[in-house]
Every structure is written in C-alpha cells, then in structure tokens.
Amino acid sequence: MNVKTLFSHSLWIAHKDLLEFSRNRVMLVMLFVFPLFMMMMTGYIFPSGNTVKDMQLSVVNLDSYNGTTGAESLAFYSTLETVNHRTGFFVLSNTSSEDNAREMITRGDRMGAVIIPANFTSNLRTGSQGYITVLYDQSKPQISLQLTSILDSVIAQMGTSRAVYTVNRTTGQDLNTSVAIVTPYKVQNKGTVPGNPNYFEFMAPGMMMMVVMFSVMTGLPRAISHEKEAGTFDGVLAAPTSRFSIILGKTIAQSVRGIIQGVIVLVLAIFLFGVTINGPILLVVFLLLLGIFSFIGLGIAITSAAKDEETASTFMMVLQFPMLFLSGVFFPIEQMPWYMQYVAKALPLTYATSAMRKVVVLGAGFGDILTEVAVLLVFGIVLLAIAIPLFKKAMAR
Amino acid sequence: METAGARSIIETMGLTKRFDGFTAVDHVNIYVNEGEIYGLLGPNGAGKSTLIRMLTTLSNPSEGTAKVAAFDLVRDAEKVRETVGIVSEKMIMYDRLTAYENLKLFAKLYNVPNSEIDGRLQELLKVVNMTKWADEQIGKFSTGMKQRINVIRALVSMPKIVFMDEPTLGLDPQSTADIRDFIKRLNEKDGLTIVLTTHIMNEADVLCDRIGLIDKGKIAAEGSPAELKGRIAERGNTVVELDVMDAPADAAQRLRAVEGVKSVAQTENCVKVIVSREDAFQDIVDAAKKAGLRLRNATISQPSLEDVFLHFTGRAMVDEVKDKVPSRGGRHGPWRATTRGR
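Chains L and G are the protein sequences, given in the same order.
First residue of the first sequence? That's 1 in my numbering, and the numbers climb one at a time after it.
First residue of the second sequence? That's 1001 in my numbering, and the numbers climb one at a time after it.
Bound conformation, chain L alone:
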C-alpha cells in the first residue's frame, strides 16, 4: 500500500466522521455551549479578586480607663468607622462581650469580631503596644483569610497614620518627611504587560488547551469504541485499509473538532470576557496543535485498552479529573503543596497551559516557551511509541 492511498483513506475516514458530526445538532450546540458554560462557571464562581463586601463584624470594646471607656479605644473605633465608610468592607456593630461575639459567629450572624481589651488605653498611654484580638469563623477559611488580611492592613494603616502624626508633632518635621521616617520603603506593583489581568485571562489559555487536548484524549476512544459497539468498525477493518489510516483518519477528525472548539473558547474569551491576546496568534494555533499531538498517544492507548464505550468513559474520567484540577488550568500550581506540584509536573496539560498562558497573557514569543514545547514534544512521541504497538495488538483480536 502506498503513502497516497494511506492518506487518502484516512482523509475519507476523517471526512466521514466530520460529516456525521456536522449532522448531529445536539453535538454542534454542545460544541459551543460547553466552553461557554465552563468559562461562565469557573470565571464567576471562583474567588476572582473580587473581595467580599459588607462582612458583618462585631466590635467588642472592653477598654476602661479611669472608670470610663478609654479615649484611645474610642479613637480607634471611630478611625475604623471612617476607613470602613470609604471602603465598605464591613458592617460594624457593637457587641457587649467576647462570649456574645463568639456566639454570634457560631450562629453565623457575624463573620468575625474585633475585641479591644480592658487595658488598651492604659497600655498605649504607658508606652506599650495596644493589643487587639480578631476572632474569625473557621468554617469559612477563604473568607476568614480575607477578613483577617483586610483587618490587618486597615489596622496597620491606622497605626502608621498615628505614628506619622506623633512624629510630626514631637519632632516638628513636615508631614512628608514624617511619612518617610515612619515608612521608609514604598512598594509599587507593576506587571510586565500593560493592563490589569482578570481571572478570565488567567483561565482562558488553560481552558483552550484543555478543551483541545481532551478532544483527542476522549474523542478518539469514544469515536472508536462507539463504532465497535455499533458494528461499523468491522466494515472498516475488513476493508483493505491500513490500521494506520484508520487511526490517522479518526485523529484528524477529532483534532479538527478540538481546534474548532479551541477557537470557540478563544473567540468567547476575547469578545465576551474581554481577554486580550498579547502574543502572536500563530503561536497560539501552533500550541493548540502541539497540545493535540502530545495527547494523541494517550487517546490511542485508551482506545486500545478499552473494549467498550463504558470502559473507555471510565478510563477517561479517571485521567481527566486529576488533569483538570492539577494542571494549573483553574488554580496556579505554585499554590499546591510540594508533592502535588510534582504530580502536576508529570502532566502534559501543565506545560501546555503554562506555555499558552505565557503567550496569551505575557505576550511571550517562541523563544520564551522552548522548554514547554520540548516537553510536550517528548510527551507526544513517548506516548505514541507506547500506544501504537498497543493499538496494533488490540486490533488483531
């Protein structure tokens, strides 16, 4: 059999698959709906830099100085109110005792409490630090983290202002100099590309890669096991068509489908979710193709190992889930514990996501993603080397 026949056969098989697909209305709608759904879901439900507003916060003022409420604690409270009036993070309310505050947190009526202890004013007046206790709700770690970090920074700001005022008054320096004395270092945060990245920008590149790579990983076994069960695969196998043509044809069809879906994600990301592509668009397409290449072997291996559609689906579920969550598509892998980072580094999707993100968000060129490209190529070649003998064996039952 010559090369021309071989490719002609695979193109006819691909043509057949795509024709079938294009006539399946449900699948066509899903092609569009699936990425839209995924992006809406993940884009809007994850903590995407939007801070929770109007957190219910108790203030328990136990401070007493010379028989009345200490002046320092009153000043603290009023400053806190002023700052909060501007930012709107909290809804402040007075609570009589620490026990009451705890109870209210347990009941879920408050997110946390600020407790000013009895010796607050006297400590400050005698040259000691004024302690403040913050209670938080341990059942909501993410929100508690926000609450404590906002309170920390608000209280630190208040402390700084107080220090500046003190320096200004005691040394007679002007206000700017006083600020420089109290906080000599000033940090300015700046990204390498203009603009403020949103969560969609973080997620869209990974989504694109995921959709495309999974299309071959899951589409290939599904397509072949479906034909096996329907009995049509026998017709193709009984024809004088090489096994290679069959798998190539199926791969072409699934890849075309994957690329179309990838492009849909891209278009949605740009026009619906305001993502900008900073790198060359051709590199984006190249990465999509490379992603497919790196996953073909996996798709073929699953196809060979799975006798029927059900087994194939089970295999895919087992592989898909860890990849989905460990490859840094939705959460950066740097946030994971070290052992999970090792797992993440064994997954091709991690590299594909990282490369795509560099190109889309940071405007990276080909030279900047050489490592990822190399890793993906090696993954692809190794997986194919394993999968092709498996496939040949599986076809000759």
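Derived from the structure by calculation, the hints contain no laboratory data.
One or more of the hints may lead you astray.
Derived EDC-like pairs: lysine to aspartate or glutamate, alpha-carbon spacing no greater than 16 angstroms straight-line [as the list claims (entries may be wrong)]:
no.	chain 1	residue 1	chain 2	residue 2
1	L	Lys358	L	Glu201
2	G	Lys1146	G	Glu1089
3	G	Lys1126	G	Glu1136
4	G	Lys1146	G	Asp1172
5	G	Lys1090	L	Glu229
6	G	Lys1189	G	Glu1123
7	G	Lys1160	G	Glu1082
8	G	Lys1140	L	Glu20
9	G	Lys1067	G	Glu1082
10	G	Lys1104	L	Glu20
11	G	Lys1160	G	Glu1011
12	L	Lys228	G	Glu1089
13	L	Lys228	G	Asp1095
14	G	Lys1289	G	Asp1250
15	G	Lys1104	G	Glu1123
16	L	Lys358	L	Asp368
17	L	Lys392	G	Glu1078
18	G	Lys1289	G	Asp1246
These figures come from a predicted structure and were not determined experimentally.
Please build the complex by placing chain G on the supplied structure of chain L, with the hints as guidance.
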C-alpha cells in the same frame, strides 16, 4: 468427510479460535467451491460468526489457517480483504450518512477507481430498488431497506467471495424473500461465491448448494441438503413426531429407551424421535402413553434438515433459538409451526 476439489476457493485447515479457555471454533476443516452458496447452519453460539470473522480477517485464528481465493488468511490478510466482501449481522452503515455516502466511503476504502464509483453505485442501488432513496440518511430507513444497502455495500468492491452473517435476521417476510432472491441472483447471474450463516433450516435448504452443520465449534456434517437428508433416510431412519399437551420434562429420557431410537428432542407441545426402525411407530406411541404423555396427534415423516441436525448433533436446534428469535414469518419447519399454532 469429503476432500477439497479443484474448484475450491476456500479451504480451511484446522481453523481454531479460543477465547480465554473457551473454544469457539474447534479445528474446522471445510471447503467451498467457486461459484457456490455455502451455508453454515447451526444454533446461536455454535461458532458460525467466529468462523466468518476469521475468514474475513477480523479475528486472528488461534490455530490453523485457511486459503481464501488462493491467499493465506494469516500471511496475506491484506490480499484476502481486497478479495472478499462482508455482510455482518450488525449492519455496517452510518446512520447520519446517506445511502450513497455510505457506499461511496467504502468504495474509496476498497480503492475503486474514481471513474467507476458513480456508475457502480447507481447500478447497485438500482438492482435493489433503492435509487430514489440514495440521498436519504440511513437513519430514516426501515430495517429491510437498511439491509438492502448493507448487502450492496459488500459488493462495491466487486469481491469474488461474499460472507454473509445471518443476512435475513430480523427482517419482515417480504424483505426476507427479497434478500434471499437477491442472494440467489448474485450467485446465479454473476457467479459470486457466497458463504452465509443461518440458524434457519429452511433458509439453508432453499439457498445453499452445500451446507456445513456446525455445533459447539465443530463441523458435524457437510454436504448438499439432499445428500445430508439422504444420509439419514438411507439407513432406514424415520422421524416420528408426537403432538402432545404439556410434555413432562423426563419424556425424552423415557422414549430413548425404545429399541432403535437415535435421538429425541422435545418442546412443550411436541416430541420428535428419530428412529432407525421403520416399524417402530407403534412402539413409540405405546411408550409415550406409558410415559404419561397426552397425545393429540402422531405422524411419521421423512427427515428434514432439522432432523439431520438432530441426528448428527444429538440436539434439536429449535430449542436453542426459540426464545431468542422472534417469529419472522415464512416456514421454519414443523416445530415452529406447531408451537406457534396454539
């Protein structure tokens, strides 16, 4: 067993297929002459389909091999594929493609020259009266229409041999008759060699030049329908059929004790005995009465293919299939007629 003649186009040599310790096809030696219709007749699970799958290269033999159109099944699988066509039990068609698109796909896969494709497909569609449905998606077709396309699909490559696995399974009486006619015509007009499997005695009887009786993976007997029937008859064997009301389970056992009885098979309403003495009729009727059978009718008849199967395998084929295969019209032998009559 006969040996392969000079005209044989298929010859199997100890063809065997094992699946995890279960032997589906067990050292089968058969031959098929060029231009004949050869029938593999046996109950479900006898190994017919597995044998066909091996002969069409869809399954590798565990042992043995075969010559198909002068090519070795294992070594020249590719050549075998070019030469044979297959009509499998599950139809080889894509529902979302039109009839024409389905046929064209396979014409391409079988390397039919581009210039010939359209002419050939139109002709095939015309032969089965499907021309006006050519551009409709297969999914909209009735089973009978699908099967017509399924059969001509196997012919797009102009094969020398066509294997058909249960070509009339699940078809209505009209379609069954049409497909049988078509098979007969292909064989007579175009000299196509056809190997088909069936579990319907009557189908094998009317269609096939030669038959291989297959049971539990082994060929029990081989020959033309007349030859096979003759082999029972010539030994003075007759068939006694008893119509009964609710035969007790041990009736067959009791009747086997009668002198000269070769085999007994029973269903709820019928007991069939093959006996080597022509004068055994009365003895059998007596034994049946003694066994507590309530007779409605008793007949003595010449052996049919069904009896041939019973004779050679010691088992009735109808028992195997009566629950699995829905009534499909046509005459399927006296057994089915009896059971259906009530």
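Results of checking the hints against the structure:
The straight-line distance between the Cα atoms of Lys358(L) and Glu201(L) is roughly 11 angstroms, inside the 16 angstroms bound, and the hint therefore holds. Between Lys1146(G) and Glu1089(G), the direct Cα distance comes to roughly 12 angstroms. Compliance with the 16 angstroms bound is thereby established for this hinted pair. For a cut-off of 16 angstroms, the pair hint linking Lys1126(G) to Glu1136(G) stands: about 15 angstroms separates their Cα positions. Annotation: proposed proximity of Lys1146(G) to Asp1172(G) holds, straight-line Cα distance about 12 angstroms (limit 16 angstroms).
Distance check on the hinted pair: Lys1090(G) and Glu229(L) sit about 9 angstroms apart at the alpha-carbon level, within 16 angstroms; holds. Using a Cα cut-off of 16 angstroms, the hinted pair Lys1189(G) and Glu1123(G) holds, with the two alpha carbons roughly 15 angstroms apart. Distance hint between Lys1160(G) and Glu1082(G) is fulfilled; the C-alpha atoms sit about 9 angstroms from each other, no more than 16 angstroms. In summary, the hint linking Lys1140(G) to Glu20(L) is supported, as the alpha carbons are separated by about 14 angstroms, within the 16 angstroms threshold.
At roughly 14 angstroms between alpha-carbon atoms, Lys1067(G) and Glu1082(G) fall within 16 angstroms of each other, so this suggested pair holds. The suggested pairing of Lys1104(G) with Glu20(L) holds, with an alpha-carbon distance near 14 angstroms, which does not exceed 16 angstroms. A C-alpha spacing of about 15 angstroms is found between Lys1160(G) and Glu1011(G), which places the hinted pair at or below 16 angstroms, so the restraint holds. Of the supplied pair hints, the one linking Lys228(L) and Glu1089(G) holds, its CA atoms being roughly 13 angstroms apart against a limit of 16 angstroms.
Using a Cα cut-off of 16 angstroms, the hinted pair Lys228(L) and Asp1095(G) holds, with the two alpha carbons roughly 14 angstroms apart. About 13 angstroms separates the Cα atoms of Lys1289(G) and Asp1250(G), which keeps this hinted pair within 16 angstroms; it holds. Annotation: proposed proximity of Lys1104(G) to Glu1123(G) holds, straight-line Cα distance about 13 angstroms (limit 16 angstroms). Proposed proximity of Lys358(L) and Asp368(L) is supported: the alpha carbons are some 8 angstroms apart, at most 16 angstroms.
Simply put, Lys392(L) and Glu1078(G) have alpha-carbon atoms about 15 angstroms apart, close enough for the 16 angstroms limit, and the pair holds. Proposed proximity of Lys1289(G) and Asp1246(G) is supported: the alpha carbons are some 13 angstroms apart, at most 16 angstroms.
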